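J.: As a plain string of letters, each chain reads:
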Amino acid sequence: MSASQSAVRSRAEAVQVSRTLDWMILFTLFTAVLGGYHIHYMLTGGDWDFWTDWKDRRLWVTVAPIVSITFPAAVQAMLWYRYRLPFGAVCCVIALMLGEWINRYLNFWGWTYFPVNFCFPSNLVPGAIVLDVVLMLSSSFVLTAVIGGMAYGLLFYPGNWPIIAPLHVPVEYNGMMFTLADLQGYHYVRTGTPEYIRMVEKGTLRTFGKDVAPVSAFFSAFVSIIIYFLWHYFGRWFNKTDFVSGEGI
Amino acid sequence: MKTIKDKIAKLSFVALLLAVTSAMFYTPTASAHGEKSQAAFMRMRTIHWFDLDWSKDEVAINDTMTISGKFHVFAGWPETVDKPEVSFLNIGIPGPVFIRAGSWIGGQLVPRSVTLELGDTYEFKVLLKARRPGDWHVHTMMNVEGGGPIIGPGKWVTITGSMGDFVNPLTTLTGETIDLEDYALDNVYFWHGLWMAIGVAWMMFWIKRPMFIPRHIAVTSGKADTLISAADKKVAIAFAAGTIGLVMASMGSTNEKYPITTPLQAGLMRGIKAIEMPETSVAVKVEDASYRVPGRAMQMTLTITNNGDSAVRLGEFNTASVRFLDADVLEDESGYPDDLLAEEGLTVSDNSPLAPGETRTVEVTASDAAWEVYRLADLIYDPDSRFAGLLFFFDEDGNRQMVMVDAPLIPTFI
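Residue numbers (this note's numbering), protein chains in the order written: chain B, 2 to 250; chain A, 46 to 459.
If you're looking for bench data, these hints aren't it; they were derived computationally from the structure.
Keep in mind that this is a model prediction, so the values were computed, not measured.
Do not rely on the hints blindly, as some may be mistaken.
Now the in silico label distances, taken between C-beta atoms and shown as ranges [stated by the list, open to error]:
| id | chain 1 | residue 1 | chain 2 | residue 2 | range |
| --- | --- | --- | --- | --- | --- |
| 1 | B | N240 | A | I53 | 43 to 53 Å |
| 2 | A | E103 | B | G176 | 28 to 38 Å |
| 3 | A | D384 | B | K211 | 47 to 57 Å |
| 4 | B | R12 | A | N300 | 52 to 62 Å |
| 5 | B | W112 | A | F235 | 51 to 61 Å |
| 6 | B | E173 | A | W201 | 28 to 38 Å |
| 7 | B | I40 | A | D180 | 26 to 36 Å |
| 8 | B | I40 | A | S67 | 53 to 63 Å |
| 9 | A | F458 | B | L107 | 17 to 27 Å |
| 10 | B | T45 | A | P323 | 35 to 45 Å |
Heads up, simulated DSBU-like pairs for lysine-lysine below, C-alpha to C-alpha not over 30 Å straight-line [unchecked claim]:
| id | chain 1 | residue 1 | chain 2 | residue 2 |
| --- | --- | --- | --- | --- |
| 11 | A | K174 | A | K278 |
| 12 | A | K279 | A | K101 |
| 13 | A | K268 | B | K241 |
| 14 | A | K302 | A | K268 |
| 15 | A | K50 | A | K81 |
| 16 | A | K81 | A | K52 |
| 17 | A | K128 | B | K203 |
| 18 | B | K203 | A | K55 |
| 19 | A | K278 | B | K203 |
| 20 | A | K330 | B | K203 |
| 21 | A | K253 | A | K101 |
| 22 | A | K128 | B | K241 |
| 23 | B | K211 | A | K302 |
| 24 | A | K170 | A | K128 |
| 25 | A | K50 | A | K128 |
| 26 | A | K302 | B | K241 |
| 27 | A | K101 | A | K81 |
| 28 | A | K318 | A | K302 |
Glycine included, every Cβ here is placed at the ideal spot set by N, Cα and C.
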């Protein structure tokens, strides 16, 4: 077969090849993002995502959206501007959460026996859906960063509250008050994670009474906007075809 | 000839694969906690654990045991380790094989980090509830911020039974009795499952149609706008509105279901009560100290003055949790771990009772394989070659006095 001849002989065959390629690319994208995003999130979000006694109303709320909007922004840049596919953010967080669940279930529970109700991951889906929809409706990465990024940060805490609220019920234990999440951290011994490493409830937000979470969420949302811009450009840069040779790319 | 070479190469490759694969089946249990790897000066000159008691050697699932004793915070704390201003009484076990049901320093529950004072001695207790069957090496441990884990002695404890029987019941301040082992687990699975299903549905909406090649062709040929239809936009708006609606509704229903919740509890605990140690009437001056590498022995020249009113004898030298005893004076009855106990490891040139008011210079030798086994001999390679430890003197009635010693150490190689 010469180079000028087509590899397919009919339209049906071309469609079949195209769909096969779709699945191959999607599978590759999904697993690559799963690995890369997972490592990134473990290194930057780490313990805040691992343990319930780190999921507080100040730092977890602030840190998790900021460090997790990264890959969604970059993958959106690729999928939208090259293919008009508006599921980059959701694809990323589903890949991340699948990877996290595999890790938490097999490693945290299966190997080291930490109860799953102590080490489940954060839920990032609500913000990702809104991020994708804003991009699709606006077709503007500036609006996606500002409105979508803001929504991504703001939806994080309420999207997780139904999951963590039962663990914030107070309990009296040996004369002190704990939340059940605190008690999980105390009971289930982490030899390598002493209590002072835990970064929770630190900061100077003391003038908002008990309503700190919304303030933290707004701060997180603002920073998420900036991080979205940054990672959007990372996505665009990685999305260039300068790295491959060939004509007609 | 080439065929033979190829066959050899192929077989070699197969053999290599087999060797690598079979090596995977040899996975011995890692049961130690790196206590021997920790720099000797850290174990000798930071936290000195003594009077330790593991209440049981064997414990059934759901039963409890305690580790209790005392620790002295060495006044000559090394410069290279942050001072124990933020410390956490931990326990060295391989994961949550026990749950830590309680831990106390000076009678105060210490679920959080504490401030310890240099030179003070504290009483501690850790209550453990058995969770996972097996033989476990259970260590005392003090984590110090900026210093790392300072591990104490460990002892093997066997847990019997089945982990499936383990329960961790608690009654909350709202009056609900729960089992913390699997509390709210269904709730976690439900919400994660639901949101992931919604996310996958959003993806499937796009995946079900041709994706990369046709869409890329359309985008590059200027027909990108044709790829998103009005119906697509309606579906997207429904997803976004549904997402926001579900978040708000679920938050509202959660607040109704759990009207009383509190923030995570955190903060440093200060004012931990130290033991009022009796005034020491024995004064010890270290004239010199050397470590004889070939003999695995440390020799000290001590000038001891008895300022008390009863005669005393030196019974024990305790450093880095290794106890060197003079068997004529002291016999261990606490069941201290064998590998850390040199029952006849302490030799004193003249250990006759030191009368009140008397001063005597003696040669003290602490020798045992533990110097090598526990890598304490590596002290000679530390940047600040000093040793430290506790000396225990006993009078005729068995009363004990503790004296801290700290001095430079000179190695001898011949």
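J.: Confirm or reject each hint.
T.: Going through the hints against the structure:
Restraint check, B/N240 to A/I53: a C-beta distance of roughly 48 Å satisfies the suggested window 43 to 53 Å. The supplied range of 28 to 38 Å is met by A/E103 and B/G176, whose beta-carbon atoms lie about 30 Å from each other. At about 52 Å, the beta-carbon gap between A/D384 and B/K211 stays in the expected band of 47 to 57 Å. The hinted range of 52 to 62 Å is satisfied by B/R12 and A/N300, whose Cβ atoms lie roughly 57 Å apart.
The hinted range of 51 to 61 Å is not satisfied by B/W112 and A/F235, whose Cβ atoms lie roughly 25 Å apart. At roughly 35 Å, the beta carbons of B/E173 and A/W201 sit within the given window of 28 to 38 Å. The hint said 26 to 36 Å for the Cβ distance between B/I40 and A/D180, and at roughly 35 Å that hint holds. Distance hint check for B/I40 and A/S67: the Cβ-Cβ separation is about 30 Å, which falls outside the suggested range of 53 to 63 Å.
Taken as a hint, the range 17 to 27 Å is violated for the pair A/F458 and B/L107, whose Cβ atoms sit roughly 51 Å apart. The supplied range of 35 to 45 Å is broken by B/T45 and A/P323, whose beta-carbon atoms lie about 52 Å from each other. For the hint linking A/K174 to A/K278, the alpha-carbon distance of about 57 Å lies beyond 30 Å, and the restraint is violated. Using a Cα cut-off of 30 Å, the hinted pair A/K279 and A/K101 is violated, with the two alpha carbons roughly 67 Å apart.
Proposed proximity of A/K268 and B/K241 is supported: the alpha carbons are some 20 Å apart, at most 30 Å. Taken as a hint, the A/K302 and A/K268 pair is broken in the structure, with Cα atoms around 51 Å apart against an allowance of 30 Å. For the given pair, A/K50 sits about 49 Å from A/K81 by alpha-carbon distance, which is inconsistent with the 30 Å threshold. Of the supplied pair hints, the one linking A/K81 and A/K52 is violated, its CA atoms being roughly 48 Å apart against a limit of 30 Å.
About 22 Å separates the Cα atoms of A/K128 and B/K203, which keeps this hinted pair within 30 Å; it holds. Taken as a hint, the B/K203 and A/K55 pair is broken in the structure, with Cα atoms around 61 Å apart against an allowance of 30 Å. Under the criterion of a C-alpha separation no larger than 30 Å, the hint pairing A/K278 with B/K203 is inconsistent with the structure, at around 43 Å. Restraint check for A/K330 and B/K203: not satisfied, since their Cα atoms lie roughly 47 Å apart, outside the 30 Å limit.
Taking the CA atoms of A/K253 and A/K101, the gap is about 62 Å. The hint is violated against a cut of 30 Å. Among the hinted pairs, A/K128 with B/K241 is inconsistent with the structure: their alpha-carbon atoms are about 52 Å apart, more than 30 Å. With a CA separation close to 19 Å, the supplied pair B/K211 and A/K302 stays within the 30 Å bound. Taking the CA atoms of A/K170 and A/K128, the gap is about 22 Å. The hint holds against a cut of 30 Å.
For a cut-off of 30 Å, the pair hint linking A/K50 to A/K128 is broken: about 65 Å separates their Cα positions. Taking the CA atoms of A/K302 and B/K241, the gap is near 50 Å; set against the 30 Å cutoff, the hint is violated. Between A/K101 and A/K81 the CA atoms are separated by roughly 24 Å; this keeps the pair inside 30 Å, and the hint holds. Proposed proximity of A/K318 and A/K302 is contradicted: the alpha carbons are some 41 Å apart, above 30 Å.
Of the hints listed earlier, those the structure fails to meet are numbers 5, 8, 9, 10, 11, 12, 14, 15, 16, 18, 19, 20, 21, 22, 25, 26 and 28, in rising order.
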